[in-house]
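A.B. asks: Residue numbers (this note's numbering), protein chains in the order written: chain A, 1 to 83; chain B, 1001 to 1563.
Rather than coming from a laboratory, the hints here were simulated on the basis of the structure.
For clarity, every value in this text was computed on a predicted model and none was experimentally measured.
Glycine included, every Cβ here is placed at the ideal spot set by N, Cα and C.
Watch out, some of these pointers could steer you wrong.
Unchecked claim - SDA-like, lysine to any residue: derived pairs with alpha carbons at most 25 Å apart:
#: 1; chain 1: B; residue 1: Lys1322; chain 2: A; residue 2: Leu17
#: 2; chain 1: B; residue 1: Lys1322; chain 2: A; residue 2: Asp45
#: 3; chain 1: B; residue 1: Lys1475; chain 2: A; residue 2: Arg11
#: 4; chain 1: A; residue 1: Lys67; chain 2: B; residue 2: Phe1154
#: 5; chain 1: B; residue 1: Lys1497; chain 2: B; residue 2: Ser1067
Stated by the list, open to error - Reference excerpt, derived from the structure (chain A facing chain B, CB under 7 Å, subset only):
#: 6; residue: Leu17
#: 7; residue: Val36
#: 8; residue: Pro40
#: 9; residue: Leu56
#: 10; residue: Leu73
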Amino acid sequence: MNEQEKHWLVRAKTVRLLWRGGIAILFLLVIADFFVHAHPYFQIDGTFGFYSWFGLVVCAGMVVFAKALGVFLKRKDTYYDNE
Amino acid sequence: MTMSDFPPGLVLVLGAFLLPIIAKKFRAILTLGLPLITLFLVWNLPNGSFSTFLLFDYQLTFVHSDSLSRLFATVFSIMTFGGSLYALKQKQVLELVAVFVYAGSAIGVVLAGDLISLFIFWEMMAVASTLVLLSVGSNISYQVSMRYFLVHVFGGTLLLVGILAHIIDSGSTAFTAMELNSFGSILILIGFLINAAAPPLSAWLSDAYPEASFSGAVFLSAFTTKAAVYVLLRGFPGVEILVFIGVFMIFYGIIYALLENDIRRILAYSIVNQVGFMVTGIGIGTEMALNGVAAHAFTHIIYKGLLLMSAGAVIYMTGKRKCTDLGGLFQSMPLTTICAIIGALSISSFPLTSGFISKSMISQAAADGGLTTIWFLLMAASAGVFLHAGIKFPWFVFFQKDSGLRPSDPPWSMRLAMLLFAGICIGLGVWPELLYSMLPYPVNYEPYTVTHVLHMLQLLLFSGFAFFLMLPLMKRTLTITLDADWFYRRLFPSAFKNIFSIIWRIDKVIRLACLDKLSSGFRFISKKNNRLSGLLSRNHPSGSMAMWVAVVLAIYLFLSFFK
């Protein structure tokens, strides 16, 4: 399928634009921390950009952990078929 | 008898049996009308106890109404209405009958004022929900429903023993907050937790729900686990162990959902994840936390129903249920896509959706209570929800790659049901007071502060960023992930089989040896006998025996004349 036949949302140009727009939004969200007064419940959650890096790091951690667990626990989806 | 003396749940339970006998064209009036009548009855209940009976020495209270029980009964009725609208295309009347009994008994559970009537409705729920699964009629659904039923009968038995022990201990059948200090209350807690899909018996949920019909799964997602949340909320607020159980459920749900390929099993794991938030909140036990749990149960039922409706629509239109077979459906199912995204944003507690106003109360309660570790875990979990349900589900079903499938949006009744629930998700997110006014305690909480909104957006969008960065690691495969049900589906059966094959083998050896000894013993005795008295032990033909007996009798007769 060539580019013109594809739905406009999945054309390479749109996808590129979405990535750029997304990263710009992420950047603005981090910058906004300068202007918003934080009310930290504890210590670290009031530091600059805490929620941003925390979200990124724990999600990456969970994906990696799931992947590692999958090594031991994944089976073909026909595993229980002969019951 | 006044109106409040009629248990609202019975409207659905009794109405269910009209469904198979009423003419087909009027069935829709019943399935849509009965939930509305129930809702009307629930909203007209004043505070207090009604519909009481004396059973032997015990007082049964079928309706105990306060703001908490009315909140749950309300959302159960709304769910029944929305689900029925969605299920208008369901041809299996048996499923509808089962669903109405199931929904009615769930409302019975949340309105029950004593432990005995609670148990009656609890077991009705177990039987009716099994029938919902069974009504699919396939071989797989039969096996699944039997596994599901066994787990719930086991939980129900523990609950019954616990209730009896508790009644003997305390002398009262009243269902009030309990201390976790007696045999009875511990068993009651375990019975409740099994229905909440808590570990170690959590796999029944992800095993069973994805095997229901397109509409059956929508109903199943709502009642059993949330009725369990209600009874935990009522019976065990502030019990500390629930915090740990809840946190485990949260992360178990995320990790398993990340590994899953079946679209409805992703959502099933995410039910365990969401119920985990509620169980954690119940364990924290402050007024803020309990308000948060009640609110979250309400919003969760609606957005999870919506998510399962969108998944059901995809299955109804394509017949496919695996991420590996799907993708690119947004092009031909725009409405379903948008509704799924609204549900996904709500479950991720995105600002302006219902999840935002409910879940943040639970993490606020953790912060207020100074539970540092729990608070950080809840934050991490919020990011994880966006990862496994908020993005993964819509991405792999509606975007991802072009599967070449071009199904249209589902029939109007299913579209309308999805729009209704999507509307509730947004409506509650924009006007939180609507829900806050129904909560059990006065609400002193403002979800929309600039700081809170900004921080949640940062957390969620960066977890979304992590998803797309790590997309190569998330590639879907034709796999399942072993869960605790492996023990009773594989380990125990094969262990029993092996143990019995060993037992039969030993048994065979012993029996052969005994037989051998016995027959050689007989041979030995007969040989000895032959040697001792060849004359007596000789064989005689029976004819000659009979003749000699006749001779003896004849001589006896002859001699008797000479007396």
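A.B. asks: Now look at each hint and say whether the structure bears it out.
C.D. replies: Right, here's what the structure says about each hint:
1. B:Lys1322 with A:Leu17: Judged against 25 Å, a Cα distance of about 30 Å means the pair is violated.
2. B:Lys1322 with A:Asp45: violated, 39 Å
3. B:Lys1475 with A:Arg11: Given that 25 Å is the threshold and the Cα spacing comes to 21 Å, the pair holds.
4. A:Lys67 with B:Phe1154: Since the Cα atoms of Lys67 (chain A) and Phe1154 (chain B) sit roughly 33 Å apart, the hinted pair is violated (cutoff 25 Å).
5. B:Lys1497 with B:Ser1067: Roughly 53 Å separates the two Cα atoms, so the pair is violated.
6. Leu17: Where the cut-off is 7 Å and the nearest Cβ of chain B is about 14 Å from Leu17 (chain A), the hint is violated.
7. Val36: holds, 5 Å
8. Pro40: violated, 10 Å
9. Leu56: holds, 4 Å
10. Leu73: holds, 4 Å
The structure is inconsistent with the numbered hints 1, 2, 4, 5, 6 and 8, although it conforms to all the rest.
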